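Peer 1: Sequence:
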Amino acid sequence: MRPIVLGGDIGAYATARAFHEAFGVRTVVVAGAATWPVRDSRIVDLRVHGGDGAMTAASLAPVLRAIVAEAPGHRHLLLASADWLVGEAVALRAELPDVVVPYPDTAVVERVGDKGAVAAACERLGIPHPRTHVAHLRGRGQAPVVADPPLPAVVKFASTAQAHDVEYAGRAKVHRVSTLQELDDLLARIAATPFEGDVLVQEELPGGDTSMAAVNVMVDPDGAVTFAQLGRVLLEEHTPSALGNSVAQITADASRDAVAREAIDGVLRLLTDLEWRGFANVDLMRGADGTYRVLEVNPRVGRSGYAPTASGYNVARMYVDSWVERLAAPADPVLATREHLFVLVPLAIVRRYAPAARARIRELRRRGAVTNPLLYRAERHPRRWLFIAVAMVNQVRKFRRYHPGA
1 MRPIVLGGDI
11 GAYATARAFH
21 EAFGVRTVVV
31 AGAATWPVRD
41 SRIVDLRVHG
51 GDGAMTAASL
61 APVLRAIVAE
71 APGHRHLLLA
81 SADWLVGEAV
91 ALRAELPDVV
101 VPYPDTAVVE
111 RVGDKGAVAA
121 ACERLGIPHP
131 RTHVAHLRGR
141 GQAPVVADPP
151 LPAVVKFAST
161 AQAHDVEYAG
171 RAKVHRVSTL
181 QELDDLLARI
191 AATPFEGDVL
201 VQEELPGGDT
211 SMAAVNVMVD
221 PDGAVTFAQL
231 GRVLLEEHTP
241 SALGNSVAQI
251 TADASRDAVA
261 REAIDGVLRL
271 LTDLEWRGFA
281 NVDLMRGADG
291 TYRVLEVNPR
301 VGRSGYAPTA
311 SGYNVARMYV
321 DSWVERLAAP
331 ADPVLATREH
341 LFVLVPLAIV
351 RRYAPAARAR
361 IRELRRRGAV
371 TNPLLYRAER
381 HPRRWLFIAV
391 AMVNQVRKFR
401 RYHPGA
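So the sequence shown is numbered by full-length UniProt numbering: it starts at 1 and just counts up by one.
Rather than coming from a laboratory, the hints here were simulated on the basis of the structure.
It should be emphasised that the depicted structure is a prediction, and the values quoted were computed from it without experimental measurement.
Careful, some of the hints might be misleading.
Ranges of calculated distance between the beta carbons of each label pair, as one might list FRET restraints [stated by the list, open to error]:
| hint | residue 1 | residue 2 | range |
| --- | --- | --- | --- |
| 1 | Ala258 | Gly50 | 47 to 57 Å |
| 2 | Arg189 | Gly126 | 30 to 40 Å |
| 3 | Arg131 | Glu262 | 46 to 56 Å |
Backbone N, C-alpha and C define an ideal beta-carbon position, used for all residues, glycine too.
Modelling step: build the complete structure from the supplied sequences, incorporating the hints.
Peer 2: What follows is the structure, encoded as structure tokens:
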């Protein structure tokens with residue numbers, strides 16, 4: 001088994017760690033730059049490919065064919081660590097007939113990656129979700145008018161993949177607006193770019209980081225769910241470019257947690273309706289009534305997708321069992337029951353900004369149930385550990401600057 005991952009972020013490294021833990025193999029990472037999460041690593045075979053702008057199916061095809069030719073006796077599995085790279089991976093399937101590409105077809109990937117389509121599916125299925133308006137931008141410089149927007153609102157692109165290279169003043173992953181004027185100004189800035197697509201205006205649900213959760217799911221090629229796990233977020237990033245990215249979450253025991261089980265059941269109904277195949281990470285937020293609402297579906301493992309591996313359910317082994325070996329799916333999906341703290345920042349930060357979780361963190365530490373995927377004992381290069389130390393210090397600075405509780 002020889003995994004290949006497109007993208008050089010923390011999620012790519014976490015995936016490589018999962019494969020190294022399960023099979024002792026190095027993962028070939030194809031990235032636009034020698035980014036610190038994947039450089040100077042014993043478990044990553046890094047290939048730099050001409051910048052993110054060159055990471056297209058057309059330019060990647062000869063690179064990947066050459067990588068496969070290096071090890072003709074190995075089975076190759078192609079993964080992507082960003083939404084837009086999932087689309088490129090799927091487009092490469094016909095070019096790489098001997099490589100396993102564990103995603104559905106392009107139409108399904110685009111549907112699942114469209115937050116507006118996900119919201120519409122939730123509405124049709126009766127799955128809780130935020131009230132959503134869709135603004136259509138057509139790249140002509142004219143901002144759309146949103147009738148009766150749900151203010152205060154959260155504003156974001158419907159498709160992260162479609163908008164990953166859009167630039168405008170004040171660009172953020174997620175915008176919050178309180179007035180109609182703020183909404184109009186934001187849409188005007190986006191409309192001034194060449195972007196053509198949809199922007200969502202969603203009601204802003206009350207609650208902070210601890211109202212968030214994520215469900216990680218694996219679906220085999222035949223549509224059978226083989227694994228599902230809910231993780232409750234303790235802390236998220238608050239920098240404009242990474243707002244909402246989880247940096248600490250505790251996985252739930254679905255056998256004893258009725259709320260988690262209900263949320264998982266809703267997510268599985270949604271993914272079945274959307275005809276998803278492969279791994280998906282579904283973001284949720286708890287409303288004032290205590291019910292989790294679906295926000296979006298990420299069609300990839302991502303960095304918080306390491307939470308299942310950390311808690312004893314190795315995602316790499318799931319990929320190999322379901323997609324490479326094509327083992328028969330279990331009669332019922334594995335619902336995770338192991339509680340574990342997945343973290344990407346120093347624990348001191350989590351304790352500082354999530355004080356209600358301090359006792360829980362102490363308990364999990366005593367049980368050895370705390371994992372940061374970056375802190376891997378297999379790594380030896382001193383420069384790598386220096387990069388990680390600097391990154392952790394920078395996290396302290398970022399939270400002091402951006403966290404509302406700082």
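Peer 1: Does the Cβ pair Ala258, Gly50 satisfy 47 to 57 Å?
Peer 2: 50 Å, holds
Peer 1: Lying within 30 to 40 Å: is that true of the beta-carbon distance Arg189 to Gly126?
Peer 2: 36 Å, holds
Peer 1: Given the hint of 46 to 56 Å, check if Arg131 and Glu262 actually sit that far apart at their C-beta atoms.
Peer 2: Given range 46 to 56 Å: violated, Cβ gap about 20 Å.
Against the hints set out earlier in the document, a violation occurs for number 3 only.
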